[in-house]
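J.: Chains as they are written, first to last, in numbering that gives the first Met the number 0: chain A, 0 to 492; chain B, 0 to 159.
If you're looking for bench data, these hints aren't it; they were derived computationally from the structure. These figures come from a predicted structure and were not determined experimentally. Where is the CB? At the ideal position from N, CA and C, for every residue including glycine. Any given hint could be a false lead.
Said to hold, decoys possible - A few chain B residues facing chain A, derived, Cβ under 7 Å:
(1) F122
(2) E124
(3) T131
(4) R153
What the hints assert, rightly or not - If you want the footprint, here are the derived chain A segments under chain B, 3+ residues with CB under 8 Å:
(5) 7-15
(6) 128-140
(7) 217-226
Each chain, written out:
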Amino acid sequence: MIILFVALPLIVAGVLPLIGKVSRRVVPDLLANATLLFLLVYAVAVGRPLIGNGPALQKLTWLGETVNLRLALDGFSLFMLMAISLVGLCVGLFSIDYMEHYGAKANYYALFLIMIAGMNGLVLATDLFNIYIFLEVAAVASYSLVAFGLGHDELEAAFKYLMLSVVASAFILISIAVIFGMTGSLSLPAVARALQDLNAGPVVGICAALFIMGFGLKAALIPFHAWLPDAHPSAPAPISAVLSGLLIKVSGVYALTRVFLNVFGLTPALSTVLMYLGTLSLVVAAFLALGQKDIKRMLAYSSISQVGYIVLGIGLGTPLGIAGGLFHLFNHALAKGLLFLTSGSIQQATGTRNLDEMGGLANRMPITAATNLIGSLSIVGVPPLNGFWSKLLIIMALIQAGHPVFALVAVLASVLTLWYYLLIQRKAFFGKLNERWAAVKEAPFWMTASTVLLASLCVGVGIFFSVTIKSWIQPAAGVLAEGVQAVIRSWGL
Amino acid sequence: MIVQTALLIGLVFFSVLAIFLKDLIRAAISLAVASLFLGIIFFRMGASYAGVFEISVVAGLITVLFILTIALTNTGEEVRESRLANVVFPLFFVVFVIIDALVMKGLLQKIPALPSGPEAGTFGEVLWKGRTLDLVGQIGVILAGVFSVLALFRKRDKHD
């Protein structure tokens with residue numbers, strides 16, 4: 000029942016606001032988090048056996064009639080589902096305490112679950128138009144979640160996000176329309192097969208350019224990043240964590256990767272474009288992050304930079320590069336989720352996001368400081384944390400493929416990353432305690448518990464990285480490395 | 000061909016007018032007229048269902064909702080807007096038209112003939128049997144829209 004990944008969060012989202020009329024806090028907290036926990040357990044316990052003998056295809060009957068719900072679960076989609084459920088659960092737990100002062104918690108969870116359903120649907124879709132529809136499901140929910148605080152900044156950021164996202168959707172839709180015109184189909188395996196047979200290089204090139212602009216905007220790759228540094232800091236902290244940790248990766252990187260590697264086929268020209276875009280993002284965003292005083296804005300620029308690493312690895316197209324890119328996608332989801340959550344704890348305790356106004360908070364919030372340090376070191380790529388291994392894989396893949404200059408740039412950008420994360424540590428947590436924060440206390444239980452869970456995962460995945468790579472990364476990378484044949488042969492729906 | 004060109008020019012003209020008109024009600028009506036032109040184009044191209052939805056929902060229902068909302072919220076105060084849009088938009092529009100004229104005609108000729116017929120059938124068959132997952136997605140979009148309105152137009156009460 001692959002459809003459960005989409006249907007369950009949608010059904011729970013549908014009933015949550017009604018339940019919220021009866022119980023404003025406890026039941027919505029319990030129901031939303033139970034749903035997210037179920038999805039995680041289902042992905043880990045049921046999903047893996049399901050794809051043991053190749054991709055699993057959804058077969059559903061209703062009153063004896065076959066229902067035409069085309070969904071496919073393979074190594075790549077299962078990996079993404081697991082990442083979505085895991086980070087989603089941690090964010091859900093954090094929201095129990097954090098969203099108390101926002102009010103309308105049932106509505107918040109409903110929108111959050113719709114966003115999860117949208118991402119899950121996108122990951123499982125086997126058809127270009129389905130991808131577009133679920134992209135919109137997740138996007139519409141995310142616009143409202145960015146504006147959820149109802150302040151001036153939140154509304155302005157949500158509007159800017161909406162406007163640029165609509166432009167991205169338009170590019171994607173135009174490309175889908177042209178592909179439909181060329182191939183007569185929207186189904187990924189049929190399109191992949193037709194594009195192999197057709198001699199339509201220039202048109203496919205235009206479609207690829209439109210997809211790069213559309214999905215690049217969703218992934219906030221430079222130069223398509225303008226919306227992200229406003230939208231991510233303005234959203235409530237748990238939503239910033241989902242946007243940076245998951246949404247830009249699912250609606251940007253996943254969609255881009257699935258379409259280019261499994262449908263179009265990664266040509267040398269496409270590979271070069273992706274590698275240059277990735278490198279541009281990781282360098283420029285790292286420099287932009289250095290100049291920020293707002294902690295969440297700095298983290299937002301860091302997300303753009305880290306997505307650059309992911310695109311660089313996947314764009315390289317070698318099995319090791321793809322594995323490195325996917326592993327970094329997972330590690331960044333954990334670490335950036337953690338960092339945005341801890342920034343939320345700081346903001347709630349102090350009422351500010353300005354790093355210059357902080358100082359010495361490690362004395363008052365030791366667990367938040369420790370977990371933030373782990374997240375920072377993970378993203379910087381300090382051994383033995385998870386981020387170190389994924390960056391190492393990407394750099395090794397670049398050297399192995401004969402791109403030492405790209406590898407050098409990736410290493411140097413890591414030094415820049417270290418620089419701005421040290422700035423966060425020095426300005427926020429270390430040094431003399433600012434008098435204003437003398438009465439500050441550690442974050443409430445669920446907020447602390449979720450950050451400790453994510454920090455433990457950063458350490459655990461780093462120590463047991465070979466298990467993670469064998470169990471989750473290799474099956475996913477295998478599907479992508481197989482290229483167009485992976486969907487033509489296995490998804491012959 | 001003349002009718003088709005006239006319809007396309009009308010569509011573009013009223014779409015641009017909707018962007019430039021300062022009066023929101025006139026802008027909404029202009030958008031409805033643009034939708035009407037689009038609906039007629041759909042009919043002429045044989046996409047009758049798309050034409051019906053475009054005219055009834057977009058040109059009709061949504062315009063009514065726009066006008067109702069504007070009438071209920073309009074305070075009569077002029078909203079100051081940046082003049083940058085007045086320069087940037089026409090510039091982009093002209094560049095777009097030039098690219099369209101230079102590139103698209105040649106490009107469309109390079110699109111090979113369809114290898115097979117498009118996914119076809121009656122409207123009901125396509126919607127219920129071919130595009131079932133889209134309907135699930137549509138439910139998601141509708142739920143997201145409804146809960147967004149509830150969340151963004153909420154009043155904070157004493158419990159919150």
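J.: All the hints need checking, so say for each whether the structure fits it.
T.: These are the hints, each one checked on the structure:
no. : hint    : in the structure
1   : F122    : violated (15 Å)
2   : E124    : violated (10 Å)
3   : T131    : holds (5 Å)
4   : R153    : holds (5 Å)
5   : 7-15    : holds (count 3)
6   : 128-140 : holds (count 8)
7   : 217-226 : violated (count 0)
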